[in-house]
Each structure stands twice: as C-alpha cells, then as structure tokens.
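Visitor: The lines below spell out each chain.
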Amino acid sequence: MDLEILNSAVRISTPLVFAAMGGLLTYQAGMLNIALDGFMIVAAFTAVATAYFTGSLELALLAAILASMLLAALMAMFNIKFRAHIFIAGTAVTFLAYGLTALLLKGVLGQDGVFTSDRIPTFPVIHLPVIENIPIIGEIFSGHTILVYVAYVFVPIVAWTLYQTKWGLQLRVVGEAPEAAAAAGINVDWVKFQAMLLSGLFCGFAGAYLSLAYVSLFANKMTNERGLIALAAIFFARGNPYLTAMVAILFGTATALSVRLPQVTGLAPQLLQLIPYVVTVLALVLVGWRTTRARSRHSAWRFDIG
Amino acid sequence: MSFETTGSGPGMAVLNFCRPAVQPIVAVLIATIVGGLLVLALGENPIEVYGLLISGSLVGVPNLLVTLQMMTPLLFTGLAVAISFRAGLWNIGAEGQMLVGALFAGVVGYAFPMPWFLHLPLAILAGFVGGGLWSAIPALLRVYLGVNELVVCLMLNPIALLLTGFFATHVFKAPGPTNKLPDIAPSAALPTFSVYSQVNAGIFIALACCIIFAIINVRTVRGFEWKIMGLSPRFAYYGGINVPRRAIWVMILSGGIAGLAGAEQVLGQYGAFYDNFSPGYGFDGIAVAMLANFNPIGVIVAAFLFGALNGGSGVLQMMTGLSKYLVQVLQFITVLVLAAQFSWDWLILRLFPEPPPKSPDAVEPVNATPTEA
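Just so you know, the sequences run in chain order A and B.
Be aware that the first sequence starts at 197, since it is given in my numbering, and climbs by one per residue.
Be aware that the second sequence starts at -2, since it is given in my numbering, and climbs by one per residue.
So that you can see chain B by itself, here it is in the shape it has in the complex (with noise of 0.2 Å):
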C-alpha cells in the first residue's frame, strides 16, 4: 500500500498525478529487465522472446481468444484478492476456496438436472457459496478467537486440494481412470462462443463483478468504511465502524467470488471438477491484486496483461528452448517490487532531492514501524 506523499513543483505534480499508474508500471519493467537478463543469460534473445509473447498472445483471433480464456479465472481470484487485501484482510486463501467452489459447483453441475434457466444460476451460486463457506472459516475465526488469518488461509489451501481430490477419488468419481467427477449436465454449462478457445460467459459475469465493486468501493459507505479498515482497523474501529462484523463479511464475499472462479472453470471450461485442475490461479490473483493496487478496474487491466502472459507463454514453449514458467517468473517478480513500500518514497526522494516540507496536519503514515525514523 502507497501513501501520497504532498509535495511541490511541476515535477512532483505530474508524478503524483500518475501514481497509480507509475508504480505497476515501473514494477512490470523492471520484471521485464530483469527477465530479459535472465532469457539472455539462457542464450536466447530476449527481444524475438518478448516478440514472441506479444504476437502469441495479442495477435490473431484465436490467440486473442485463448488470452481471453486464461484471463477469466485471474479477473475473479485477483477481484476476490483485491477486496480482502483493500480491507486490511490478507485472504491468501483465494486458491483453497476456488477448489471449494469449483467442487461445490461440480457437485450440483451433475447431480440435480433441472431445467438451465434454474440450473446454471443455482450452480453458480453453489460456486459462490462453496467458496464464501471455505473462506467463513479463517474469518470467525480470526473474529471470534483472535487466530491469524493468514497461517489458517495458508492451511486450508492444502486442506481444500486433498479435501476435494478425496470426493473426486472417493466420493464421487465417475466411471474411468481420470480422477474427476461425472460431466455437468448441458443445463449447467456456460455457453462458449468459440472452437478456438474455451472462453466462455463466465468472463461477462467476471467483469461485471468488477465494475460492480469498483461502484461499491467509490459510491458506497461500505466500500469506504472497508478502505478505512484497510488504512488502520484502530481508526475505523473508534470511528464506529463494526470492524468484526466488516471483516467477517469482506472475506465471505472475497471467498465466495474466488468461488465463482472455480464455478467457471468447472462449468465454462472443463465441463466437469477434475482433481488438481488449478495450475495455481489463486496464487496469481494475489499477482493480479498487487499490479491493480486493489483496484478493481485496476484487475480488469492486471488480469488481462497475466492472462496475455499465460496465452503467449504456451506459444513461446513452442517456439524456443525455454519453458513457459518464465511467465511466473515475470509475474511474481512484478509482485515483489511491487510489495516493497519504501521504495517508491525512496526513489521520489532520489528524483527530488529537496524533500517535501510536511504540512503540520499531515497524517503520519499509519504502518510505519518506530524503528524507521
């Protein structure tokens, strides 16, 4: 998290004009230096690989397309990311409860036929339910018992993999070698547009899940007291916010859109809840949570640029001699420039040596550790 740094000069004004945006920006290129360095090092050129992600990725209907595909799972874990870490609630979570939605969306996909216009919104919203139950638990508890949420989310995310591949192995497995659960009927499917890709309806309700947060956060009192609780749970706390009763809600409510997450992967693209199916989405909504600064416009942006990624990185496989994990690679090192906060005060320092003199009702930065002054 940033804090505005109040400053003088045309300098200072146009930079704390871009903030926003500077920041991801800076952190994407020194993601891109960095693993140019690294593709170079491995004795390819990092300007044909780069190539190579864009046209894989951008160029073309069908890459467009798969883009588009690998984007929809990222705008919901990012979003779900995004509102819990807005509201000071490190719900790293989100791939545990994807699972869980995913599972809970499988289960009502096959087992209760009914016609779609029942069907398909009653799966989703198992998705969502599924999800918002899974992320219920490090919330109480963290309200209730004061246990951090964080070691609880860290754990349950191993618990859901092993829980849901039991009822695909055990429980539920349909007839065959693959560890899976039966096909959803077609009445729970989500329709898809196209044979090139599995990009289905799902990415409408994914993006329309983030405008309607970005209103919520900007319009409502709710979205205002969650970026209160984010910035100092004290200060919302006495200023009468009902930070227990806030808190329980935002992860219910980030919990069951990563849900929805596994909802769409289930019923868009893989037509059935397969054991282990995630290659980690909900890791890389944390990714996409950080580049959007936990904005959810900001997701749409994040979301689309990880989706690329993704996309171009089968393409790249392909192409050269390196694998696609150079993606994550980029990606989580976006995220670790990103995490460090004293570095863009630091470098604005750099850029502007005389310092900005304070104003006397400047607030002083809320996270701040003693031992910095």
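Looking at chain A on its own, in the form it has when it is part of the complex (with noise of 0.2 Å):
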C-alpha cells in the first residue's frame, strides 16, 4: 500500500481520535453527547479567528479550547439541569452552533461560505529525532504537526484516568448505574457535568487542529460529520478508549482512501465514506440480536435502552 496514504490517514483520523476520547467521557458517564460536531465547529472558528487577530497558535488553540468548553457548559446546563433530552439539547446545540459559526463568519471576518488569509499562522510539522530515520515508520509517523502526537498521547491518559483512578471510576459508576452512584454519595450531576466539560475540551483541540494544522481555513460545516464518525467509533467499540481510537484510526483510513483511490480505480468515493456508519449500524445490530437472544424469548418489551 502507498505510504502516502497511511501518512494522510494518521492525519485525517486525529481529530477524530479528540473527538471520540471527547464523546467517550460522556459515553461512560451515560450521555449520548451528539454535539461533538458542534463543539468543534466551534472551536475550529475561534482558532481561525483568533489566530487572524493575534498570530498566536497558542492564544487560537486556547480560545478554541475554552469557546467548546462554554459550549459543552450550556449544552451540560440544559441537559443536566433543566433536564433537556440529551438528543434535542445535542441536536440543537450542533445546529446553533453551526449557524452561529457561519453567523460570525460573516459578521466579524466579512466573509461567505469560507475564510482563508496568509495572516493566520499553522502548526510547524515536526521530525522525530529517531523515528524519522526508520525507512517505513519514519514515513508513516514522522512529520506531523504537534496536535497529531497529542491526539495519540491522549489514548493512554483517558484509558489510565478511567480505569485506574477514583475519577474514572465514579465517572463509570454515574454511567452504568447513576442511583447506585447517588447512594455511594458521589455528586451525579457534577461528575457528568465535568464529563461534559471535558468533552468540550478535546473537541476543542479537535477544531483548532481541523481549522490551523489539517488545513488553514475556516469554511461553514468544516467539520463534515466527524463528530458522527467518532460517535460511531464510540459505539462501535464501546466505549473502550483503545479500542475506540483503533477504530477511529480505521474510519479515517476509510476516509483517506475515499479521497484517493476514485483516481485509481474509478470506484464512487460515497461508498468508503459509508464504511463507518454502516459498520456501526451493524455492530449495533450484532449486539442486539446477541443480547435479544441471550434474553428469554418471551421476556417484555424493552423500555430504557441506553
């Protein structure tokens, strides 16, 4: 397989590695976050614009950071405490954000559709000291931009946090079971509203590697479903972090020959783009039909499916 394709997939699948360690937080404290998307759309305008004004990559990446985070607060006030559906309050914080983005695009950039200027500054590429000399991983892995390695570095930390510290496993515990939770007196609502900050949080990194090192633009739903893409990698592996970030890897592979192989083989680009949904779908229904069979074939209608 060409090299060139495996480099492109490590890069495509970073911001869906932040996205899905962003959506598995809230997955494993029991929120179906759906506003990934929206969060990082987000974010991926306020390092663009930031960055404009300033120059700064460090002040983007801070705002982009903080801007999905306000953003994961909101959508955690309205789900948590004014008991919004997780799925309205999800589907109407994306769009929001959508149409703000495209909004302020407008308004504060002057600018329809898309922004671009030599003015906004991007990631350095950066060479691995060793690495790089080993001819295929060096090709592979080499040459990245920081939030690459970042987004990989992540994995382990957000597994170790889950599985090995007292946070991790009040934030499982809200997840599989919130009245047990309550009775063990952790503070429910804290924990999944931290979640959902936290979320926030990578999605953030998410945007602004999107809009300031993918590429060093902003246009209006830049982010094309990624955050449905992670979602699906969560699902599709779920919830486990590494298994989750493999599966990320994948879908982005996925991705990355899309845009590819047409030119080679002449195949619609629309059918890998349906890899990972249809993938998941069926995962979810292999799943189903295991636990539907494991069950008493005549047990009753299942009310709460989470």
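No incorrect hints appear here.
Residues of chain B placed beyond 10 Å of chain A at every Cβ, according to the derived structure:
hint : residue
1    : L34
2    : I44
3    : P118
4    : S191
5    : S194
6    : G237
Restraint ranges, calculated between C-beta atoms of paired labels, are given here:
hint : chain 1 : residue 1 : chain 2 : residue 2 : range
7    : A       : D385      : B       : E45       : 37 to 45 Å
8    : B       : G173      : A       : D314      : 35 to 43 Å
9    : B       : M315      : A       : V321      : 40 to 48 Å
10   : B       : P174      : A       : G306      : 29 to 37 Å
11   : A       : W356      : B       : G40       : 46 to 54 Å
Here are some, though not all, of the chain A residues that point toward chain B, as calculated from beta-carbon distances under 8 Å:
hint : residue
12   : F283
13   : V289
14   : Q466
15   : Q469
16   : V474
To be clear, the hints were calculated from the coordinates, so they are not data collected in a lab.
From a predicted model like this one, the values you see are computed outputs, not experimental measurements.
By construction, the Cβ of each residue, glycine as well, lies at the ideal position given by its N, Cα and C atoms.
Combine the two chains into a complex, taking the hints into account.
Guide: Encoded structure:
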C-alpha cells in the first residue's frame, strides 16, 4: 500500500481520535453526546479568528478550547439542570453552533462560506529525531504537527484515568448505575458536568487541529460530520478507549482512501465514506441480536434503552 | 414534554388555560432577545433586522409566496417528527427519510412515463414508501433487537445522503455536469401557481396531512394509544396496547411523511432529484415539532413561522451585512429553550411562590428521575 495514504490516514484520523476521546467520556458517564460536531465547529472558528487577529497559535488553541468548553457547559446546563432530552439538546446545540459560526464568519471576518488568509499561522511540522530515519515507520509517523502526537498521547491518558483513578471509577459508576452512584455519595450531576466539560476540551483540540493544522482555513460545516464518525467509533468499540481510537483510525483510513482511491480505481467515493456508518449499524445489530438471544424469548418489551 | 400543574388562584387558572401557547411564545421571545443581542454585538440594529425579516417574508405577494414555498417541506418534516415524538419514539432521522423518499419519487418521476392521473399519485406514493422503508430500519431494529432507534437514525442520515449521492452520480445520473437524476416527466410534476416562487400543490397535501393527523390524534383510539405510549410506554404496555406493533407503524408513518417532503421537493420545486439538495429540512423539522409541542395544528403555525424566517433570511442577507444563518441561530435557540423541561415549572414557582397543594390522586410525572427529589 502507498505509504503516503497511511501518512495522510494518521492526519485524517487525528480529529476523529480527539473527538472520540471527548465523546467517550460522556458515553462512559451515561450521556450520548451528539453535539461533538457543534463543539468542534465552534472551536475551529474561534481558532481561526483568534489566530487571524493575534497571530498566536497558543492563544488560538486556548481560545478554541475555551469556546468549545463554554458550549459544552451550555449543553450540560440544559441537559443536567433543566432536564432537556440529551438528543434534542445535542441537536439544538449542534445546529446552533453551525448557524452561529456562519453568522460570525460573515459578521466578524466578513466572509461568506469560507475564510482563509496568509495572516493565519499554522502549526509547524515536527520531525521526530530517531523515528524519522526508520524506513517505513518514519514515513508514516514522522512529519506531523504537534497536535497529532498530542491526540495519540491522550488515548492512554484517558484509558488510565478511566480505569485506574478514583474519578474514572466514579464516572463509570455514574454511567452504569446513577442511582447506586448517588446512594454511594457521588455527586452525579457534578460528575456528568465534568465529563461534558472534558468532552468540550477534547473537541476544542479537534476543532483547532481541523482549522489550523489539517487545513488553514475555516469553512461552514467544515467538521463534515466527523463528530458523527467519532460517535460511530465509540459505539462500535462500546466505549473502550484503545479500541475506540483504533476504530477511529480505521474509519479515518477509509476516509483517506475515499479521497485517493477514485483516481486509481474509479470506485465511487461515497461507498468508502459509507463504511463507518454502515459498520456501526451492523455492529449495533450484532450486539442487539446477541443480547436478545441471551434473554428469554418471551421477555417483555424493553422500555429503557441506553 | 410538559406536565399539567394543578393549582389555585386566578393567575394560575389563566396560566393553565394559556399553557400550550405560553411555552412556545416564551421560547420564541427568549430566542428573539438573545438573537437581538447577537445582532447588536455584530453592529447592526436589531429592530431594523427583525423588521427586514418580517417585511421580507410577509409583506407583498411575492414574499408571502416564497414563505409558503419554504414552509412546505417544514410542514412535512415537522409533522413527521411530531408524530413520532408524541408517541415517545425519537425519530431524528427525518433528514435521511426525506432524501430516500426524494430519490424514490425522482426515479418514478422520470423512469416510468404514464398519464398524469396515475403518474403523479404514484410518484408521491413512491416518496412515502421510500421514507417509510428507511424509517422501518430503526423501527424494526428497535422492536426486535432492542437497538436504540436514536443512534440508528443518526447513522442512517449520512448513509442516506451518501447512498442517494451514489445513485445520483453513478447509477441514474443525468448527462451533464450536475449530479442529478434526469428531469421528471411533466406528468409527474406537482402544479405550481406563480412565477414568484416554487410553491406548489404539495402545500395542500401537507396541510391535509396535518389536519388528518390532528383528527386521528384527538378522535381515534390509535391517536390516544400513541399519546399514552409517549407519556408512559410501560403504562401503555400493561394497559394492553401492543406497544412494539404500534411503535413500528408510528415510525413507518413518520418516515413516510418525511419521504413526502422529499417527493414535494423533487416533484414540485426542483423537477429532478439533485444530489445533496436539502439544507437540513429534516433537522428543521425537529425545531418545528418542538415549537408545535407535537400538535399537528401547531405544526402548521410553527412551520409558517420558520418558513417565514427562512423566506426573510434571503432579504436579510441582501440588505444588511448579516448572514442568513441568523435565522438558524434563532430557530435552534428556540429548540434549546423548549427542550428544557424543568424550567417551566420553575418559572411558575417563581411567579407563584406558594407551591400548589397536590391532590392525593395527582399522577407523578413519569419521566422524573429519582435524583430530582
């Protein structure tokens, strides 16, 4: 296989891994956060706008994360405090974010649809000292921006936090059995709020990466349903961090191929882009089929489905 | 979903009477205020901007016709979402169902020429069938395998977009640079009335659907069963309602109506199936249904409001430095505020500090979580 495709797969998968880690924490806390796209688009816009006006990448990244976490806080407030249904709140926040960024793009940066400028700095490429010289691995893993490496470092950190720390245990208890968690003295709402905020943090990274490292521009709806693909990866891996990251990379590779392959084989790009969604639906069907078979055939209709 | 709060005092009585309308009006007001502040922050005059939105959508026959054109798909998708939400099924896949319905209608519209009195109904029916089939997937998975219908709907939206895109670019592609199906035969076209907009006979089908479902909801056993299912599926089940069966049919009906939105777009507005034609009518349908509080007649009012906003947004974009997306912001602020269940009772407690005495047989809200206490 062409090494360049693998190299671009690493880059394409990076926002997916970020977003998947963000969605994973809320998934483990028992919330299906479908607003990942909304968090990302707000972060992407804030990153570009800040970078354009200040010229500072650090400030841009910080602002992106803050904006994304602010939106996450809004979502958490409506879901946890006002008991809004999480899917309705998530849909509303996502489309609110799409609309708001498009509105601000016109209002603040004066452009319709796409904004780009040579005043926007981009993240420099890092060449890993030793790895660079290893024949195949070097070509795949070296020569990316710092955010790419940050994304992949986050995976073990998230896994460790979830399974080795007290906070991670609390988070998982809140997700598995909120009543039991409350009875054990855990502040369920606060843990959920934290999970949502962290989800915003990761999506902030994803958004900043998209608009300042992957490309150097902002376009309306530029997240291109990456949040949904990340969500698909989480569902496919049933919330396991390492597996989620791996599935996210696989889905990213499928996307990378869909860009390159049509030129080679003439295959329709849509069919490759379908893979993440179809595979996830099939996985859900398989899981559903197994659990249904495991239960009594005459058991009652299931009311509460997580 | 809101729950009736019983209370005493003239203020409470008035509030309870107006309750169905108070909630949406307050939500729209909040959205207007937040949107106004946003406009102000962007250096425009909010009153002027809202004036333009109103004059650009309601004043003058051409503008009004554009509003009706924008309103039609929202009537269908709003009704589709309202039916399923009312029955407690979260069909957020109206976008995908609409696309599949549109593809079906587009294919029948161009591939099978026949007399118009057969062709037009068949093409519309194809739209209904397409949407219904697409929504049957999450419904059957939900009922037989216990798979969360929300997640499946969510995944089926991009699948529908990509699949219809595949058909429009690789299977039935019309010659030429555009990714679209061949134009539909004139015998399948929904008649339009005016040169000013693409509003067509589809709007009457949409209004008829809304009225039919309003009657079904209040006058028939099915409508009552759907309502009970939405309020408490457990209660409905133990009360002898065949919940799984009803759930499947509600989803299929809901998807079919979303498919009609696609048929209307293809047969009335565009005259062919275009790849990626929808600016998100399926998701706007969620906004419409929420504002209508899942009431089919309310859907007409809500679709008119959002249709007018969409119609006025074009004028807004031309006349000011603002983007038409202001409308989307207003729309989804409204949804967010409406989604907050808790705030209404909280608001009433604020307005009437004496908590109303609960009668002993008062039914507890079924959706209340234990942590709330």
